[in-house]
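Trainee: Chains A and B, in that order, give the protein sequences.
Counting from 1, one number per residue, gives the positions in the first sequence under full-length UniProt numbering.
Counting from 1, one number per residue, gives the positions in the second sequence under full-length UniProt numbering.
Everything labelled a hint here was simulated from the structure, so no lab data went into it.
Keep in mind it's a predicted model, so treat the numbers as computed, not measured.
Mixed in with the good hints there might be a few duds.
[Said to hold, decoys possible] Which chain A residues face chain B? A few, computed with CB under 7 Å, are given here:
#	residue
1	Phe78
2	Ala80
3	Met101
4	Ala254
[To be verified] Away from chain A, derived, C-beta distances all over 12 Å, residues of chain B:
#	residue
5	Ile196
6	Lys200
7	Lys293
8	Phe319
[As the list claims (entries may be wrong)] Simulated crosslink set (DSS-like; lysine-lysine; CA at most 30 Å straight-line):
#	chain 1	residue 1	chain 2	residue 2
9	B	Lys111	B	Lys29
10	A	Lys181	B	Lys285
11	B	Lys399	A	Lys121
Don't be surprised by glycine CBs; every beta carbon is placed ideally from N, CA and C.
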Amino acid sequence: MSELSVKHLLGIKYITEDDIQLIFETADHFKEVINRPIKKVPSLRDITIANLFFENSTRTRLSFELAEKRLSADVVNFSAGSSSVKKGETLIDTVNNILSMKVDMVVMRHPNPGAGVFLSKHVDASIVNAGDGAHEHPTQALLDCYSIREKLGDVSGKKVVIVGDILHSRVALSNIFALQKLGATVKVCGPKTLIPKYIEQLGVGFESNLKKALQWCDVANMLRVQNERMDISYFPSTREYTQQFGLNRQLLDALDKEIVVMHPGPINRGVEITSDVADSKQAIILDQVQNGVAVRMAVLYLLASKIQHNED
Amino acid sequence: MSATLLKNATIVDPTSKHHLKKRDVLVEKGIIKKIAASISEPKAKEIVLKNLHISQGWFDSSVCFGEPGYEDRETIENGLKTAARSGFTAIALNGATQPVLDSKSGIQYVKGKTAGNVVEVYPVGTLTMQAKGEDLAELFDMKTEGAISFYDYQKPIENANLLKIALQYTQNFEGLVQSFPMDPSIARKGLVNEEINSTKLGLKGIPALSEELQITRDLYLLEYTGGKLHIPTISTKKSVQLIKEAKKKGLDVTCSVSINNLCLTDDELENFDTNFKVLPPLRTKKDIKSLLKGLKDGTIDGVTSNHDPHTIEDKKTEFDHAAYGSIGLESCFGALQAIVNTETSIKALTGLKERFGIHTTPVSEGSKANLTLFNPEGTFQFSEEHIVSTSKNAAMLGKTLKGTVYGIFHNKKIFLNE
Chain A
1 MSELSVKHLL GIKYITEDDI QLIFETADHF KEVINRPIKK VPSLRDITIA NLFFENSTRT
61 RLSFELAEKR LSADVVNFSA GSSSVKKGET LIDTVNNILS MKVDMVVMRH PNPGAGVFLS
121 KHVDASIVNA GDGAHEHPTQ ALLDCYSIRE KLGDVSGKKV VIVGDILHSR VALSNIFALQ
181 KLGATVKVCG PKTLIPKYIE QLGVGFESNL KKALQWCDVA NMLRVQNERM DISYFPSTRE
241 YTQQFGLNRQ LLDALDKEIV VMHPGPINRG VEITSDVADS KQAIILDQVQ NGVAVRMAVL
301 YLLASKIQHN ED
Chain B
1 MSATLLKNAT IVDPTSKHHL KKRDVLVEKG IIKKIAASIS EPKAKEIVLK NLHISQGWFD
61 SSVCFGEPGY EDRETIENGL KTAARSGFTA IALNGATQPV LDSKSGIQYV KGKTAGNVVE
121 VYPVGTLTMQ AKGEDLAELF DMKTEGAISF YDYQKPIENA NLLKIALQYT QNFEGLVQSF
181 PMDPSIARKG LVNEEINSTK LGLKGIPALS EELQITRDLY LLEYTGGKLH IPTISTKKSV
241 QLIKEAKKKG LDVTCSVSIN NLCLTDDELE NFDTNFKVLP PLRTKKDIKS LLKGLKDGTI
301 DGVTSNHDPH TIEDKKTEFD HAAYGSIGLE SCFGALQAIV NTETSIKALT GLKERFGIHT
361 TPVSEGSKAN LTLFNPEGTF QFSEEHIVST SKNAAMLGKT LKGTVYGIFH NKKIFLNE
């Protein structure tokens with residue numbers, strides 16, 4: 001039986017194309033499961049998963065929790081707001097305390113890049129990175145690529161533009177790695193202040209003009225402007241940002257083809273994307289959300305099977 | 001102390017007529033009594049060591065311990081033991097303590113604590129009160145007491161006028177001002193070198209530009225004011241160029257490079273290992289190439305270990321929260337020797353002595369015995385067992401180093417490693 005090449009999912013950087021394909025094939029199966037009247041399977045019975053969220057999240061957390069519950073895992077939730085972190089406990093101690101209560105897997109979101117990598121070296125559990133600062137958000141990239149595959153048949157050979165705040169975005173970075181591993185071509189588009197200076201060394205193109213970027217691509221992934229991560233002003237006003245990098249119906253109608261529109265959510269309607277575009281059939285935003293559960297079920301299932309395999 | 005006879009020692013000292021020659025060296029009462037092809041002195045204690053080389057005692061221009069205030073990082077006593085074992089007869093001890101060394105009494109404390117040690121300690125006073133970067137500390141008073149330079153350790157001088165005044169004011173008493181090369185408005189909250197690796201890792205970057213802008217500003221100020229400026233720990237290709245041009249112009253500027261920036265690149269950051277979180281940040285191969293060239297052609301005046309101990313709690317944490325710095329005394333010579341030849345190593349480890357006002361004595365008859373004893377050959381993997389420091393935060397862990405230190409001779413004392 002095929003299995004993942006890794007014990008943890010810390011980032012797309014650390015997994016292979018075969019891993020991604022295996023996750024997709026497994027997700028196909030779980031997508032069928034969650035559309036059944038009885039959505040639950042016993043695959044992860046006896047596995048306990050802790051969701052550790054050191055940073056706010058609604059959809060990722062819900063998505064993971066649903067994935068875990070539909071696999072019949074036991075789930076405990078932890079958020080930094082109500083925790084001992086505020087009392088000065090270190091991350092390793094916090095997690096080891098939770099693990100000593102016999103937890104098998106940890107799903108962690110953390111504001112600092114590399115927090116998942118750090119933890120994986122110091123604690124004995126399978127770690128799933130649910131977003132670490134501006135580093136990676138691997139399950140988001142997996143569900144994005146899975147959604148492209150579902151919509152267009154294949155990711156290989158497709159042209160994808162990621163628009164917006166690339167500088168502060170773990171979604172962008174993970175998407176770049178995943179898309180490239182699957183054979184897609186990637187460009188980024190946004191104000192130069194929000195594009196990492198050395199991004200092109202990742203084999204990614206840069207296009208400053210949204211219209212040209214849209215004309216080039218098969219898929220446009222519109223990122224949210226992450227005001228909460230910006231400690232200085234990278235552009236003068238949201239209004240100006242929207243004028244240059246907001247996706248609207250007029251721009252889409254001017255194209256000689258129909259492109260796929262994506263957004264990792266939550267949407268700032270009227271900023272990076274107008275409502276009529278977000279709600280149109282060209283946008284697969286809600287498919288992404290649904291696929292998120294199936295993809296996360298696949299990731300958890302495959303990682304858990306490695307734990308059980310090791311114990312045999 | 002009775003006489004000591006160093007047998008068959010290769011002398012590495014271009015200022016000595018015995019340079020690169022194998023000699024017996026007789027030391028009596030702290031003075032080099034005789035140097036000859038073969039000396040027989042039955043009363044002397046003979047020291048016979050494999051492939052023994054000797055040079056003028058080494059000097060490290062940027063060392064931090066933790067006393068007072070951060071004794072859990074390192075005490076002065078153990079720090080000096082570390083320096084001695086690592087071959088240094090003199091260190092410039094930064095005032096990054098708690099309280100910082102910003103007054104005569106702080107300098108007195110360090111001098112008092114270290115008097116008579118085999119390692120000579122030269123305290124570095126802070127440039128500003130409480131190292132806050134606002135008002136000048138009592139520089140003259142500290143200089144009189146023994147401060148050899150003034151430096152707010154790794155804190156950039158944000159206010160250009162403050163540096164202007166410092167460079168002017170210190171001229172009266174030949175004070176040496178240090179300015180950390182980083183423009184904080186460009187570096188901002190950066191953690192590592194801004195390049196492809198920072199992009200891949202999602203870590204905020206410190207552009208080379210931030211260093212180069214600050215050096216450019218400082219050199220302009222120096223040209224205007226006169227005075228003596230030392231730029232500690234440069235790390236980029238363009239910085240080497242800037243210093244080279246300034247020296248050509250005749251400006252009174254010197255600079256150092258940290259051993260970390262000379263040996264390691266930001267490729268090391270791949271696993272978010274906080275031992276590689278240092279300032280200046282680890283840069284690229286291209287920068288190392290220029291730094292090495294600058295060291296060889298004399299643009300860079302010396303290499304420092306930039307020894308900066310931190311506790312496990314400071315380092316075993318998320319990368320963002322970890323303290324900057326690595327210990328380096330123990331691995332400095334071996335790391336240097338692994339990348340340059342012995343003569344360049346010794347030049348790098350002694351080149352800043354005069355600039356910091358430390359009396360240098362050639363390895364010649366009649367000189368005070370200020371010597372480092374070493375073997376330039378033999379590679380080994382640097383591991384925790386080689387660490388003497390209280391803190392173990394070493395960027396060089398696991399690296400292959402070359403050469404070993406046998407000990408030092410200074411202050412009429414000899415210190416030999418077991």
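Trainee: Please go over all the hints and tell whether each is borne out by the structure.
Mentor: Evaluation of the provided hints:
1. Phe78: 17 Å, violated
2. Ala80: Hint violated; Ala80/A Cβ to chain B Cβ min 13 Å, cut 7 Å.
3. Met101: Since the shortest Cβ distance to chain B is 23 Å, the answer is violated.
4. Ala254: 32 Å, violated
5. Ile196: With a cut-off of 12 Å, Ile196/B comes too close to chain A, as the shortest Cβ separation is near 4 Å.
6. Lys200: Since the minimum Cβ distance to chain A is about 7 Å, Lys200/B lies within 12 Å and the statement is violated.
7. Lys293: 24 Å, holds
8. Phe319: Check fails; 5 Å does not lie beyond 12 Å.
9. Lys111/B x Lys29/B: Given pair Lys111/B, Lys29/B holds - Cα atoms ~23 Å apart, limit 30 Å.
10. Lys181/A x Lys285/B: 27 Å, holds
11. Lys399/B x Lys121/A: Since the Cα atoms of Lys399/B and Lys121/A sit roughly 20 Å apart, the hinted pair holds (cutoff 30 Å).
Checked against the numbered hints given earlier, this structure breaks hints 1, 2, 3, 4, 5, 6, 8; the rest are met.
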